[in-house]
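1 is the number of the first residue of the sequence shown in our numbering; add one for each residue after it.
Hints are not guaranteed to be accurate.
[Claimed, not checked] In silico SDA-like links for lysine to any residue, alpha-carbon gap of 25 angstroms or less: (1) 7 <-> 19; (2) 83 <-> 162; (3) 121 <-> 95; (4) 121 <-> 92; (5) 121 <-> 153; (6) 52 <-> 71; (7) 121 <-> 138; (8) 52 <-> 107; (9) 121 <-> 136; (10) 7 <-> 119; (11) 7 <-> 108; (12) 80 <-> 4; (13) 157 <-> 100; (14) 7 <-> 145; (15) 83 <-> 6; (16) 153 <-> 136; (17) 102 <-> 72; (18) 153 <-> 69; (19) 52 <-> 128; (20) 58 <-> 100.
[Stated by the list, open to error] Across the chosen pairs, the derived CB separations fall in these ranges: (21) 19 <-> 134: 37 to 45 angstroms; (22) 145 <-> 64: 35 to 43 angstroms; (23) 11 <-> 54: 20 to 28 angstroms; (24) 74 <-> 31: 22 to 30 angstroms.
Hints were generated in silico from the structure; no laboratory data involved.
Every residue, glycine too, gets a C-beta built ideally from N, C-alpha and C.
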Amino acid sequence: MKNINFKYGGVGIEFSTPLYRAGLLSREEETYKGHTFIPFDVIVSHLPPAPKYHDEIKEILDEGLVRDEGAFVVEATGTKDGKKVMVETYLYAPGCVESFEKAGLTGEQYLTGQCGSLFTKMFVNDDYDQTGLLSSDMLTYEECDKYIDYAAKLDIKLETEVKPL
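With the hints as extra help, turn the sequences into a complete structure.
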């Protein structure tokens, strides 16, 4: 497939943009006053680790989040019926607060974990026609539809729009 863009945005992007513009996310070695370092490694070494455990997440939520938002979209351009089009697929899922209320997880953990578990659920439910090694790009349209239906029951939804270019 050609001409595909994956876009993600949110609080992390706004935080990282000025760091990137200042060269502080570079992975190239630099020397300053006789010390060699990699800017990215210096920045990351000063960031707290992402919360992993229920109590850590709860403590952060109890303190109050400044913002809990993000966006994920996949854009693909091509032709349909001889006309140039862009297909945009948006992903909607619970944020951090709602994910914690539902499952005691952060939004990222909820989205990643639930989507991974659905792939396994489909094995258990004998929803696959294939045998052997299986990856998501090998699913039939029917299997993809079933996966999306399962995900929707967990408030993980996709919305696709086809727009003329």
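Status of the hints after comparison with the structure:
Straight-line distance between C-alpha atoms of residue 7 and residue 19 comes to about 19 angstroms, which keeps the hinted pair within the 25 angstroms bound. As the CA atoms of residue 83 and residue 162 are separated by approximately 11 angstroms, the hinted pair is consistent with the 25 angstroms bound. With a C-alpha separation of about 23 angstroms, the suggested pair residue 121 and residue 95 falls inside the 25 angstroms cut-off, and the hint holds. Distance check on the hinted pair: residue 121 and residue 92 sit about 21 angstroms apart at the alpha-carbon level, within 25 angstroms; holds.
For the proposed pair residue 121 and residue 153, the alpha carbon gap of about 13 angstroms is at most 25 angstroms, so the pair holds. About 22 angstroms separates the Cα atoms of residue 52 and residue 71, which keeps this hinted pair within 25 angstroms; it holds. For the given pair, residue 121 sits about 17 angstroms from residue 138 by alpha-carbon distance, which is consistent with the 25 angstroms threshold. With a C-alpha separation of about 12 angstroms, the suggested pairing of residue 52 with residue 107 holds against the 25 angstroms cut-off.
For the hint linking residue 121 to residue 136, the alpha-carbon distance of about 14 angstroms falls within 25 angstroms, and the restraint holds. For the given pair, residue 7 sits about 23 angstroms from residue 119 by alpha-carbon distance, which is consistent with the 25 angstroms threshold. Our distance criterion of 25 angstroms between C-alpha atoms is met by residue 7 and residue 108, whose separation comes to about 16 angstroms. Note on residue 80 and residue 4: the hinted pairing holds, with a Cα-Cα distance of about 15 angstroms set against a maximum of 25 angstroms.
Simply put, residue 157 and residue 100 have alpha-carbon atoms about 18 angstroms apart, close enough for the 25 angstroms limit, and the pair holds. This hinted pair checks out: residue 7 and residue 145 have alpha carbons roughly 23 angstroms apart, not beyond 25 angstroms. At most 25 angstroms may separate the alpha-carbon atoms for a hinted pair to count; residue 83 and residue 6 meet this at roughly 22 angstroms. For the proposed pair residue 153 and residue 136, the alpha carbon gap of about 19 angstroms is at most 25 angstroms, so the pair holds.
Distance restraint check for residue 102 and residue 72: the Cα-Cα separation of roughly 21 angstroms lies within the 25 angstroms cut-off, and the hinted pair is therefore satisfied. Simply put, residue 153 and residue 69 have alpha-carbon atoms about 21 angstroms apart, close enough for the 25 angstroms limit, and the pair holds. Straight-line distance between C-alpha atoms of residue 52 and residue 128 comes to about 32 angstroms, which puts the hinted pair past the 25 angstroms bound. Only pairs whose Cα atoms come within 25 angstroms are accepted, and residue 58 paired with residue 100 is accepted, the gap being roughly 8 angstroms.
Range check, residue 19 to residue 134: about 39 angstroms between beta-carbon atoms, so the 37 to 45 angstroms window is met. Hint check: residue 145 to residue 64, Cβ distance near 40 angstroms, so the stated range 35 to 43 angstroms holds. Taking 20 to 28 angstroms as the suggested C-beta distance range, the pair residue 11 and residue 54 conforms, at roughly 22 angstroms. Between residue 74 and residue 31 the beta carbon distance is about 40 angstroms. The supplied range of 22 to 30 angstroms is therefore violated.
Checked against the numbered hints given earlier, the structure breaks hints 19, 24 and satisfies all the rest.
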